[in-house]
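Sequence positions in the sequence shown follow mature numbering (1 follows the signal peptide of the UniProt record, and there is no 0) and run -16 to -1, 1 to 68.
Hints may contain errors.
FRET-style restraints, in silico, Cβ to Cβ [said to hold, decoys possible]: (1) Ser63 - Ala24: 39 to 49 Å; (2) Ser(-15) - Gly66: 28 to 38 Å; (3) Ser(-15) - Ala35: 44 to 54 Å; (4) Leu(-14) - Met60: 47 to 57 Å; (5) Gln53 - Ser(-15): 43 to 53 Å; (6) Leu(-14) - Gly56: 22 to 32 Å; (7) Ala24 - Gly66: 20 to 30 Å; (8) Gly16 - Gly66: 18 to 28 Å; (9) Met61 - Leu(-14): 43 to 53 Å; (10) Lys46 - Glu21: 24 to 34 Å.
With a straight-line cut-off of 25 Å between C-alpha atoms, the simulated BS3-like cross-links for lysine-lysine are [what the hints assert, rightly or not]: (11) Lys47 - Lys14; (12) Lys58 - Lys14; (13) Lys14 - Lys46; (14) Lys47 - Lys19; (15) Lys58 - Lys4; (16) Lys58 - Lys12; (17) Lys19 - Lys58; (18) Lys12 - Lys46; (19) Lys12 - Lys47; (20) Lys4 - Lys14; (21) Lys46 - Lys19; (22) Lys4 - Lys19; (23) Lys4 - Lys46; (24) Lys47 - Lys4.
Calculated from the structure, these hints are not laboratory results. Here the structure is a predicted model, which is why all the values come from computation and not from measurement. Just so it is clear, CB atoms sit at the ideal spot from N, CA and C, and this is done for glycine as well.
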Amino acid sequence: MSLRNFALLCFCVVLAACSKVTQENYSKLKTGMTKAEVEALLGDPTDCAGAMGLSSCTWGDKKQFISVQYAGDKVMMFSGEGLN
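Could you put together the complete structure from these sequences and hints?
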């Protein structure tokens, strides 16, 4: 394995270890938080969808995720799965 490939592999491992989708961050979520506050905590969402003033954003993947539902700009409810 070349040094370049090894460095790339190490970078990917470190990046994966820095995930903000954790039980600790999930515990910091509160109803009424703004989208900006949630994104400051969790980073940019993996996916968002919505209509008519309601939206839902997800951070993570199918095995480990945090999902936040908004009414306007405020957290209405949230859920998570696979958090450690």
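Those earlier numbered hints the structure runs against, lowest number first: Of the numbered hints, 1 and 6 do not hold.
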